[in-house]
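On the provided structure of chain E, position chain L as indicated by the hints.
Read top to bottom, the protein sequences are chains E and L. Position 60 of the first sequence, counting from 1, maps to 60 under the working numbering, and the rest follow consecutively. Position 62 of the second sequence, counting from 1, maps to 389 under the working numbering, and the rest follow consecutively.
No lab work stands behind these hints, which were simulated from the structure alone. Since no wrong hints were added, every one of them can be taken at face value.
Stretch-level coverage of chain L by chain E, calculated; a stretch enters the list once three of its residues show a Cβ under 8 Å from a Cβ in chain E:
hint, stretch
1, 330 to 336
2, 345 to 355
3, 362 to 376
Don't be surprised by glycine CBs; every beta carbon is placed ideally from N, CA and C.
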Amino acid sequence: MTVLILTCEADVTADLVVVHLNASGIPVVRIDPADLTGGVALSGEYVHGAFRGHLSAGGRLVSIEGLRSIWVRRPGAPATRAPVPSPWLTEEASQALYGMLRGAGARWMNHPDAARRARHKPWQLRLAQRCGLPVPATLITTFPQAAREFSERYPDLVVKPVSGAHPQDPPRAVPTSRVAPGTDFAAVAFGPTLLQRRIAKRADIRLTAVGDRMLAARKVTAADTDPEQVDVRFAPSDSPWQPADVPPRVAAAVRLYLREAELAYGAFDFAEDTDGTWWFLECNQSGQFGFVEVDTGQPIARSIAEWLARPGPERRSQINGTNTAVS
Amino acid sequence: MQPFALNYARPAAELQATIPYIYDSGLQLNVLMDGQIAARDLALLRELGTTTSTAGSKTHFDD
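For reference, chain E alone in the conformation it holds in the complex:
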């Protein structure tokens, strides 16, 4: 049976996993849904009470019923590289592809419905609380007065996008940023704003969970780090990521989080404070992992390949009553 990988061609991080699958002799088909009707073709028929479907790409033909797992990595929007793209064609191609794949009975990393839900940061924060993970005091609001009052209770705040998305017209990045004392919160009325108590951190933690396996890495905050630089993704640093042990209570909470979120993969970000507490910041359901593996040598790609290669029994989920296998 075949592993299907949905990702763009330039995704060299996916290559790390393909290399392991190839070494194990596991058949792989890698497609970018953006190439539908161009380099990628599909067909499925529902006849006499049965379904037979196929995908074709790069001279490979795979039966949809013959898929053991589907890895949704960095897929393009369906049919956006078609000869005559259009929003209508993208919707048609999306429904055809993902509709057929939803019925495949394959294991997903991660199922699209679980992935969509898991991207909501407010939902993440609540789930983390319910799972027993420490969550910094957070406010999401469009009320300037609520923001002012929150800043009086928690004078040392950061602001970050609610969605994690970055504006594209023109392309800009919105890093987690410190809010200066006396800041005017009037503009909170013009868009939902996420304010969070800043954690005085001594390290950043990236915990990559692959099925039941957890691989944590730690990046020490240098003593001379500019206190205004709170976002590790944008802060220049010579400190490498290093392997870290996962405290048992955190491990249990993360397992519960993954089970509740119906995720087979999650990249958790924590801030480690001076007491050693790991404060939950977010869980990226398709977070990057190559940069951690490159620094630490942790076998993340191999773990993903092993998860994808596993036949494993299927477990039905509750997400919209669909056929999700997450175990």
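What follows is chain L alone, placed relative to chain E:
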């Protein structure tokens, strides 16, 4: 009328280096000019930063 969070926006960083590999649809892998598999060169991946947590930010929510 600009949302509060956009007061903290900065120009998006572009990758400085030219990507020295190209996708091989036969292998389903990116390969370097000499035919070697790019993913086997971890030092190169570190240098390019193409696997870092901001690499997917332009088109994807998940870092």
